[in-house]
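Chains as they are written, first to last, in the numbering used here: chain A, 127 to 437; chain B, 2 to 455; chain C, 23 to 581.
Think of the hints as simulated: they come from the structure by calculation, not from any bench.
Bear in mind the structure is a predicted one, so any value in this text is a computation, not a measurement.
C-beta atoms are modelled at their ideal positions from N, C-alpha and C, and glycine is treated no differently.
Misleading hints may appear alongside valid ones.
With a cut-off of at most 27 Å between alpha-carbon atoms, the simulated DSSO-like pairs for lysine-lysine come out as follows [said to hold, decoys possible]:
1. C:K191 to C:K179
2. C:K447 to C:K414
3. B:K120 to C:K365
4. B:K207 to C:K447
5. C:K392 to B:K120
6. C:K35 to A:K351
7. A:K178 to C:K191
8. C:K179 to C:K525
9. C:K392 to C:K217
10. C:K448 to B:K207
11. C:K392 to C:K563
12. C:K35 to A:K341
13. C:K448 to B:K167
14. B:K167 to C:K191
15. C:K365 to B:K207
Computed list of chain C residues with no C-beta within reach of chain A, every gap over 12 Å [to be verified]:
16. L55
17. E170
18. R197
19. D216
20. F326
21. M527
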Amino acid sequence: MFLYTLKRLFQGLVTVWFIATATFFAMHNVPGDPLLNDRAVSEAIRANLESKYGLDQPLSTQYFIYLRNLSTGDFGISFTQENREVNDIIREHFPVSAILGILAVVFAATGGILFGALTAIYRNRLPDFIIMILVILGISVPSFVIAAMSQLALVSLNDLVGTTILPVAGWGTILHMLTPALVLGLGTMAYLTRLMRSSMLEVVGSDYIRTARSKGVPAPRIFTKHQIRNAILPVVTVLGPSIASITTGGFVVELVFAIPGLGRYFVQAVQQLDYTVIMGTTVFYGAFLVFMVILVDVLYGFIDPRVRLEK
Amino acid sequence: MSVLTPADFERIQYHQKTQNISRPSLSYWSDAWIRLKGNKRTLFSLYLIVGLLAFTILGPVFWNVDPAFQDLDQVSQAPGTSRLAIIVNDYEAWNGESDISIDALRLVDRATTMAVRLKWDTLPNASGYRVYRNIFPVGPEQAYGIPLVEYFDNTVLFFEDRLDLKPRRYYYSVVPMDDRGNLLDGYQSIAVDPIRVTTLDEARSKGLLTNESTLQAGDSINLSLHPLGTDYLGRDMLARLMEGARVSLFIGIGAPSLFILFGIFYGSVAGFIGGRVDQILMRFADFVVALPFLLFMILFKIAFGIGPGESGIFPMLVALVVLMWPATARLVRGQILQIREHGYIGASQLLGAKTNYLIFRHMLPNTLGVVLVTITFAIPSAIFIEAFLSFVGMGVAPPTPSWGSMSNEGIKNMLTSPHELILPAILISVTVLAFNLLGDGLRDALDARLRNQE
Amino acid sequence: MDKRSNYAGSAAKQLGVYAVYLAVAMALIVYILAFFAGTSGALINGGAINEERNSITIALAEEPPQLDSTRATDASSFIVIAHTMEGLISYDDNDQLTPGVAERWEIRDNGATFWIREEARWSDGLPVTAHDFEYAWKRVVDPATAGEYAFILYPIKNAEAVNRGDLPKEALGVRAVSDLVLQVDFERPTPYFDKLVAFNTYYPVREDFFVSTNGRYGADADMLLFNGPYVLTEWIHGASMLWEKNPYYWNDEKGFLDEIVIAYITNDVNANLNLFKDGQIVQTSLTAPMLPTAMEQRWQIDRFMDGSLFFLEFNHREGRVTENLNFRKALLLAQDPSELVYKVLKEASYLPAESLFPVWIQGLQGAFRKEYPVPEHRMDLERAREHLERAKLELGINDFPPIVLLTGDSSLSLLAAEYYQELFKKNLGLELRIDAQIFKQRLAKMTSGDFDIVMAGWGPDYFDALTFGDLFSSWNLNNRGRYQSEQMDDLIRIAQSELDPKKRMDAFSSIQDLIYEDVVIVPMYERGISFVVDPRLKGFKRRSVGPQVDYNYAYIERL
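Only chain A is shown next, with the shape it has when bound in the complex:
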């Protein structure tokens, strides 16, 4: 197990190197010039700026400097936010995205499991239809439309009540987090609901349920002891990947709700062609995803011996 973990970690490091390299060359292929600004500057100033950011070196040298700094965890200094290290930027903005993401996953999982079970119980009856319509909306409406609409709905709601029940944008308190997290988690919730529903139906038809019924086990007991427990398993296994995709996919929600997360920051950095921030964010997110996957795999290894044997 220890060897396996070690091997996976090494693979992870190689993957991060690959991401870093791909990012570096993609970035330096981008046309445009990060040092230009509204007001043109003289040659002398330009040369100073270039040497400050090391852009006067040949590309290969820049690449090795970049790798060397990366190995010490140093992403450099931002181009637009002078005097700010990319590390600081990530440290300040990533927790926001992460909190939003975790909350979204919590909403998605809870909602998905509850709604999925409910639709299976009331299969082809009213609650099923209502929830399935919501699911269809969650699957088929683009997230930016949902986000914009829900913000509008919040304004109307607050207007109707006459006081601010839920804030329409911003970040900081529990109330600020609820709507964006719900919007962010909606797609995943719809997906999980469908998964839970079909999983429940599959379990209902299985032999052990039939056996339990024929033995005369009371319905609630069958439901809790057999149906739910077994139906939940496939849902739990897809949770890992959804956490990762939600945490890094919060751009739209962060933009619409003015949340100071890393996703929004990335979009702004791209507009400004802020090399170091773009590279730092991409590599950081890449590494984050890679090690999350490894963590999940290793944990599964502890739980499920088959995984260990396979490798």
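Given the coordinates of chain A, work out where chains B and C should sit on it, guided by the hints.
Quick look at chains B and C alone, frame taken from chain A:
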């Protein structure tokens, strides 16, 4: 024990009919098709998709309107608005002259959607004036509406409004100001109802008039028809939705088809050859999977650099293919590995089948079901990604429309002209839904395990 | 059937129990997450106006890159600096020059002297001295600082040479004669120097504090020293800021609020509108699609010109079609800015542009544009087509190649680009290719000359016609189309150093005419902004020059 006679060793007669097959034999695909047809939801989704394709491909034949043409007389028009307009003479600049006597805020000439001309008399204590326009009466709150102009000069007593005039009621107010621009009491207000007008030149340039037409200023005419209304530049929504459909569906169907083709190739090579090659190929696929997807989509988008006049569809397609193939490759590889172990492959090999035959007769067709399902689910996600990129300003370049970029523009005008958001958003939703339902249906139909359920 | 519903009922009940468990667990998780979020989040003040604390809440469009006044270049930084810092001279609430740190001043042909007031203090209580200005200005022109706005100090003796690295920074023509007297020598006569001094780049920096920050000056709230009406006490990057009243500030005519909370940093106009509607911020801008909502809400809408001018700038470099005067004339005559503004952009506060000089520029007594009217422009397709034919002859071509229109990626500039594309196709049969690029890519293409026409804009730096007037001099690096004419250069030299106001204004008028005759640019629009302010807040100001929003004179009206 009976005694065997030589007669027992006689060759028996060949029987023409040994077994009676009462039903036609069903291949895997025809069986799948029957079950697909039996599923109402899937059938519905198929109709939807056929309808969408017809809308995209045949639509422009029936509705042959230039999607780039700007009808500036009918900007952001909701569907079903009246098209009646009066023909007037060409616009002439106005220097504030009029022959009517002005005692208070008055309308000069007839108010039209081309211009509303106002004059007023000197107001007490005014060092200057500000003119406002509202769609509601001013009321006790003194909500004058939109400030249109301010004059820091109390001798200017006229104003001409040409800003985005619609044929509806407006309330104009003129408010006196002190010399620092603060508003004073004693405003004057009038209600004005501009009529929709157009000029002969305009009508002719839009093909509303033939050369022989005898219509003159003062006659009424019907403006161009826009069944689904117009967008913020007066372009026909229906024509633009059709053109946008071509872009969105091209990306939505093109990208998945390409990356799945590549994935099949890559995956089957890895799966079939196996060993060291397989390991290296799959390690590389792992690398690509690990790239943060949306971040790299954006990065690639700017790295490709869209030149003047280019739509940026191709770079987006390439970026999608480059980033999305590994999932299919993994899937196909897994399938091939599984199939390789099946008995019928061994049997086929024993019967002397060649490698090519094995791959094309047995392995690929058997992975096809899974691949087909993957494609149908990849299409909606590609359409979503296109829409998302448009939202963060990294989508196709204007003037090329796509449903994503159209809804992104629509969001900005959501409150005033909701149809600009709703129409493209509905099309996105319907497409995504249709392909999702089809995917579900296909999965059920192709999965033999589910044969006895639902 | 009955049995089935019985099962469903009991199962649903069971599910309900689970739901309660889950809800409790979820509440717990939310609570824990909120605890962590609190350490990374915004300052929430409970509404736009808090009378009890004498505080207001506002939103800022962008996060300032940094707040070193000598290097700030963007609108957000200007806004923060305008509230936390003060220069020698500043503007009052009627856009007139008023004494700032300098009590009085004197501008001569060859230099200027500023007498600094004794009561001016830094936010740590120490006095602001002439040395702080000397230090700051020398730092600005030092090429090692790489200040983008160094050019604004060029009227000072040797500034350009120092900035190019030809002279040491000690050679700059500024010195503190004593703690309270600042002496400036000019490179050339600069009658508008008082207006320049009001700009950010001329603000003071205290040497000992700067050195103590170890190169991080301006990066964080504790890496700054202030001398303005407010001090920045908290800065959570990308999320929020807190400005508090500066107890050491000398002027009691400014800074009436105890606190200004910047609780939101977002440039999403819809989010801003929703926040205002919800009573969370005191002021918001309104774009055209929002105006019906604003009227429905019965808000008192206000507007102002933000000072900037937008225009189509031609590429005058050799080998471009746009180098041909007749071609440029054809384009000028085939368009009408009022159609762009009234029918396409539909922004109520925009003005169709007619000249390089916006309407708010001051002339001798009144408005410059009143005293020196622009040549009248009318769309004339016949003449446009004539010029186009002539251009064809001169260039020796039968058809024009596709014209590249370089533009930004904001929705408004795309809107205009799409409009021009159709317009020139319809009116002149020209094919325009839109080249929409993100900010830095557009700048790179503008700098290298990779365009035929670029949609450009220019915002004023100081309250004088020269801020627009010298844009097309052959030495101005911001002249991205590389327009060159000796006549223009001569006129700009007069405008820069002529001491007789009448002659100077005449020069500007000639520049205005030359721009039109030579079709250096096609003016598009002058930008204005419609906005709405919470009616309880008085004294709020929006400006064309300097900070776009100004709360220095704002106070809460108590009923």
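Tested hints:
1. C:K191 to C:K179: holds, 11 Å
2. C:K447 to C:K414: holds, 16 Å
3. B:K120 to C:K365: holds, 23 Å
4. B:K207 to C:K447: holds, 14 Å
5. C:K392 to B:K120: Holds. K392 (chain C) to K120 (chain B) sits at ~21 Å (cutoff 27 Å).
6. C:K35 to A:K351: holds, 15 Å
7. A:K178 to C:K191: holds, 20 Å
8. C:K179 to C:K525: Given that 27 Å is the threshold and the Cα spacing comes to 24 Å, the pair holds.
9. C:K392 to C:K217: holds, 22 Å
10. C:K448 to B:K207: Distance ~11 Å between K448 (chain C) and K207 (chain B) Cα, so the pair holds.
11. C:K392 to C:K563: holds, 25 Å
12. C:K35 to A:K341: OK: K35 (chain C) and K341 (chain A) at ~23 Å, within 27 Å.
13. C:K448 to B:K167: holds, 24 Å
14. B:K167 to C:K191: violated, 61 Å
15. C:K365 to B:K207: Holds, at about 17 Å.
16. L55: violated, 5 Å
17. E170: violated, 5 Å
18. R197: holds, 24 Å
19. D216: Holds, because the least Cβ-Cβ distance between D216 (chain C) and chain A comes to about 22 Å, which exceeds 12 Å.
20. F326: holds, 21 Å
21. M527: M527 (chain C) clear of chain A: closest Cβ-Cβ about 25 Å, beyond 12 Å.
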